[in-house]
Amino acid sequence: NAGVTQTPKFRILKIGQSMTLQCTQDMNHNYMYWYRQDPGMGLKLIYYSVGAGITDKGEVPNGYNVSRSTTEDFPLRLELAAPSQTSVYFCASGEGGEQYFGPGTRLTVT
Amino acid sequence: KQEVTQIPAALSVPEGENLVLNCSFTDSAIYNLQWFRQDPGKGLTSLLLIQSSQREQTSGRLNASLDKSSGRSTLYIAASQPGDSATYLCAVRGRGSTLGRLYFGRGTQLTVWP
Chain A
1 NAGVTQTPKF RILKIGQSMT LQCTQDMNHN YMYWYRQDPG MGLKLIYYSV
51 GAGITDKGEV PNGYNVSRST TEDFPLRLEL AAPSQTSVYF CASGEGGEQY
101 FGPGTRLTVT
Chain B
1 KQEVTQIPAA LSVPEGENLV LNCSFTDSAI YNLQWFRQDP GKGLTSLLLI
51 QSSQREQTSG RLNASLDKSS GRSTLYIAAS QPGDSATYLC AVRGRGSTLG
101 RLYFGRGTQL TVWP
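Quick mapping for you: the protein sequence lines, in order, are chains A and B. Under my numbering, the first sequence has 106 at position 106, and the numbering climbs by one with no breaks. Under my numbering, the second sequence has 45 at position 45, and the numbering climbs by one with no breaks.
Don't take every hint at face value.
Claimed, not checked - Here are a few chain B residues that face chain A, going by a calculated C-beta distance under 8 Å: (1) 34; (2) 46; (3) 89; (4) 101; (5) 104.
Keep in mind that the hints were calculated from the coordinates and are not lab data. Computed from a prediction, not measured in an experiment: that's the story for all the values here. For each residue, glycine too, the CB sits at the ideal point set by N, CA and C.
So that you can see chain A by itself, here it is in the shape it has in the complex (with noise of 0.2 Å):
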């Protein structure tokens, strides 16, 4: 049992190019989600899902896209990456309590 797998660990990422970060859960949870953590600050919302095919939208979602095909998966997409995406991403899944998070992916954009 893995729990929340996400890849990759790192990244370095150049002005306008796109890339997918990948996240797997083991937990058959419904609720998945995905976070940025900007430098000293708490962890906000970019978008979540309550099962498979269906997203929405949280707090910061302007410039990144998510699909939810399999209830395992969950990957954010970053189209033409710009410097302010620079963050920690988490993903995180739960079922009516607890959440679980991944170990997070960092991404520099430069």
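Based on the hints, put chain B in the right spot on chain A.
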């Protein structure tokens, strides 16, 4: 909108001290409150989860209390150790809000020195 504040932002104590971390939130209509630990460059580890109907939860040397009416929670760490050094995050889950999303504070950075 729910706002979560954690005080102090940083704390440095000698080993063995008992300490209290504070968390306050503006909207008392919460489903639960969760305390996390975050080590540098790592993900979040859940420490304690308190449901809105509960007053406190304990795990080993950790005790978390919840006063929903006043919008406050405290995390008590007994007999602190250098291994407790980390950032502690408080997060609340709103009742009936965005389907389980958590609202986070900025964290308290704790350093316990030998």
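To see whether the hints hold, each was checked on the structure:
1. 34: 7 Å, holds
2. 46: 6 Å, holds
3. 89: Where the cut-off is 8 Å and the nearest Cβ of chain A is about 7 Å from residue 89 of chain B, the hint holds.
4. 101: It holds, given that the least Cβ distance between residue 101 of chain B and chain A is near 5 Å, below 8 Å.
5. 104: Hint on residue 104 of chain B: holds, closest Cβ of chain A at ~3 Å, below 8 Å.
In the structure shown, no violation is registered for any of the earlier numbered hints.
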